[in-house]
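Undergrad: Sequence:
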Amino acid sequence: MNSRLRPLFPSLRRGIQTLATGVTPAQLPTYYNASKPCLLDFSSFGNLKANEKWASEGRINNEYFESIIAKDGVDPAVGVEKGRMDRDAVESGGESSDFQRFEMPLSFFLQCINHEVPQFRDLYLAQTYLTDSLPSLKEDLSPNPFLENASVEAIGFWIGRNTFTPPHYDPSGNIYMMVLGSKKVRLWKPQEKSPLGTSKMGSNFNFQTGKPDYEVTLEPGQVLFTPQGWFHELESKGLSAAVNWWFRLNNSA
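Residue numbers (the working numbering): 2 to 254.
If you are wondering where the hints come from, they were derived from the structure by calculation, not from laboratory data.
Note that CB positions come from ideal geometry on N, CA and C, so glycine has one too.
Keep in mind that a hint or two might mislead.
Distance windows between CB atoms, simulated [claimed, not checked]:
| id | residue 1 | residue 2 | range |
| --- | --- | --- | --- |
| 1 | A27 | R60 | 30 to 38 Å |
| 2 | N34 | E64 | 40 to 48 Å |
| 3 | Q101 | K185 | 18 to 26 Å |
| 4 | G80 | V153 | 20 to 28 Å |
| 5 | Q18 | P119 | 37 to 45 Å |
| 6 | G59 | D99 | 20 to 28 Å |
| 7 | N34 | A71 | 39 to 47 Å |
| 8 | R249 | G80 | 20 to 28 Å |
Let the sequences and hints guide you as you build the complete structure.
TA: In structure tokens form, the structure reads like this:
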């Protein structure tokens, strides 16, 4: 898997800014304190096992995850979503008519995703804390030099096909790393009067309020920092996998 940042081409649409790239661990506090999103320098992670072992030839590496399940002695039940959340449903204040949430063993979910089982091909494992039940996965995410002086609140896993995460904001900083596939991310700066009302999830987000401040398509070998309070929307085409850290820098301004 490519371990170098790929070139980021500026958007051709007016009004959308270009993200700073190649931000190092020493530079992150500057962006964190200024509340500025940026792309982090992936080479700073070194040989991160997650990017070497979790995916292979455009698919999830089931054999590797099965070895982790055997090592930790548990095949955790994970919450998954079925039925693609889409912008039309979000704008109308609801969910798609076939949208469901339920649990299944992680191993079965990965088989369904990789082999495109018809009735389960659109499953989405979202915001799942796999390292809580499979602690061996933490070894694949270390070292993270960007978080050496930070309090990590949670680690989320995101695996699915043709996924859509509605506009929302996080109460903490967010480092989001692509492992497989690609995702288009749109970001809006914090607003005094939130278009989301009092909710952190954009069930009533007004997509007509203007273009995003930033837009980027993340691919493997790219890592996005999103400051707390920034609204962001994520959309993938095809199979994708990502992991993120929610965190707060210690001794930040």
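Undergrad: Are there hints from earlier that the structure breaks, and if so, what are their numbers?
TA: none
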